[in-house]
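Peer 1: Sequence:
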Amino acid sequence: MKPKILLIGGGGHCHSVIDVIELEDKYEIEGIIDIKENIGKKVLGYEVIGCDDDLEALFKSYKNAVITVGQLKSNMLRVKLFTTLKNIGFNLPIIVSPLAYVSKHAFVDEATVVMHHALINANAKVGKNCIINTKVLIEHDAIVEDNCHISTASVINGGVVVKENTFFGSNATSKQYIEIDGFIKAGSLVK
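The numbering used here numbers the first residue of the sequence shown as 3 and each following residue consecutively.
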């Protein structure tokens, strides 16, 4: 029997994570936690079973959770949820699409989701609570610190350090061996 998992956040990013979890086939999705007004509604066939206020009670029955809130303007909600879930005691597993490639010589930390067709190369390190989105390339020896969103089809080249809480926009590309910090807009070339 597969372990059960709760999804924290029922918006657009949740749709993509559901697809990854179903394909990975390691966890059974038990339900979604969202705002109170959405309790009873369904997201891709999975019911919203509670809101943030219910997390402690739900922990009695469910030990695994994944943050399925996206990150556009700010990651404050993702960071707050990560802290709340850890304080309650939830296990926050790494979720990796079977269509992604993560080198056996790379390291990915807890609560990070690696989406379809992402590639994390040898000796790369990805921190906690990150979104490594669809078709991202993280090259050798790159470091992505905690709470980052590396957006769709972007490229982090070799030896780059992406500082904590960075948003790296879709189709952005970095030069190798530099430090990146803050909000990088879509399509940027970061030198």
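These aren't lab readings, by the way, just hints derived from the structure by calculation. Just so you know, these numbers come straight off a predicted model, no measurement behind them. Quick reminder that beta carbons are idealized off the backbone N, C-alpha and C, glycines included. Incorrect hints may have been included.
[To be verified] Taking lysine-lysine and the DSBU-like style, the derived pairs with C-alpha atoms no more than 30 Å apart in a straight line are: (1) Lys75 <-> Lys44; (2) Lys6 <-> Lys177; (3) Lys177 <-> Lys88.
[Stated by the list, open to error] Now the in silico label distances, taken between C-beta atoms and shown as ranges: (4) Ile37 <-> Pro100: 25 to 33 Å; (5) His142 <-> Glu58: 12 to 20 Å; (6) Lys127 <-> Pro5: 22 to 30 Å.
Peer 1: Each hint needs a verdict: does it hold in this structure or not?
Peer 2: Results for each hint:
For the suggested pair Lys75 and Lys44, the alpha carbons sit about 26 Å apart, so the restraint of at most 30 Å is met. Distance check on the hinted pair: Lys6 and Lys177 sit about 41 Å apart at the alpha-carbon level, beyond 30 Å; violated. This hinted pair does not check out: Lys177 and Lys88 have alpha carbons roughly 35 Å apart, beyond 30 Å. A beta carbon spacing of about 31 Å between Ile37 and Pro100 agrees with the range 25 to 33 Å that was offered as a hint.
Judged by the Cβ atoms, the range 12 to 20 Å given for His142 and Glu58 is violated: they are separated by roughly 42 Å. The beta-carbon spacing between Lys127 and Pro5, approximately 26 Å, falls within the hinted interval of 22 to 30 Å.
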